[in-house]
Amino acid sequence: MHVGVLNGPNLDRLGKRRPERYGTRTLAAIVADLEAVAERLGARVSHVQSNHEGALLDWLHDRQDGLDALIVNPAGLTPFGRPLRDGLADTGLPLAIVHITQLYRFEGRDAVDLFRDLATVSIAGLGWRGYGVALESLCGSAAETGRAT
939 MHVGVLNGPN LDRLGKRRPE RYGTRTLAAI VADLEAVAER LGARVSHVQS
989 NHEGALLDWL HDRQDGLDAL IVNPAGLTPF GRPLRDGLAD TGLPLAIVHI
1039 TQLYRFEGRD AVDLFRDLAT VSIAGLGWRG YGVALESLCG SAAETGRAT
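Taking the numbering used here, the leading residue of the sequence shown gets 939, the next gets one more, and so forth.
Beta-carbon label-pair distances, calculated as ranges:
| # | residue 1 | residue 2 | range |
| --- | --- | --- | --- |
| 1 | D1003 | G961 | 28 to 36 Å |
| 2 | G1030 | K954 | 34 to 42 Å |
| 3 | G1004 | A1049 | 27 to 35 Å |
| 4 | R1020 | E973 | 25 to 33 Å |
| 5 | R1054 | R963 | 18 to 26 Å |
| 6 | D1000 | A1049 | 25 to 33 Å |
| 7 | G1030 | R982 | 18 to 26 Å |
| 8 | E977 | T1058 | 16 to 24 Å |
Rather than coming from a laboratory, the hints here were simulated on the basis of the structure.
Glycine included, each C-beta is placed from N, C-alpha and C at the ideal position.
Throw the hints in and build the complete structure from the sequences for me.
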């Protein structure tokens, strides 16, 4: 199973940006941890991070036909990223949406998540561990449905 992992705006600053909210783990460390989970599961992951929605869409369009599932942390695009949302919907791939924090804790009960209804798996508030849980869930679902493993 080949899973694309897309990380949105400001996630390149993890470990430095608001550590009281997002923790001290860097995106590079999260990627390394996810690679280890993928190896244990016999999966492969490809990563991209961008502060620009168009760059995420270009990456997705270039690679989606070779992917079996997606893990996406839309970050700052969560309430506004309609083009990315549409691109993800168009893939038809199983999708895990990951938020490091509990979105509603910081944004209030009226927080908008444009991606939530697309999600096969939705994880919020598990910190950096949410990525590994998302990958395990997608791989487990693939095994149950007979998709590529």
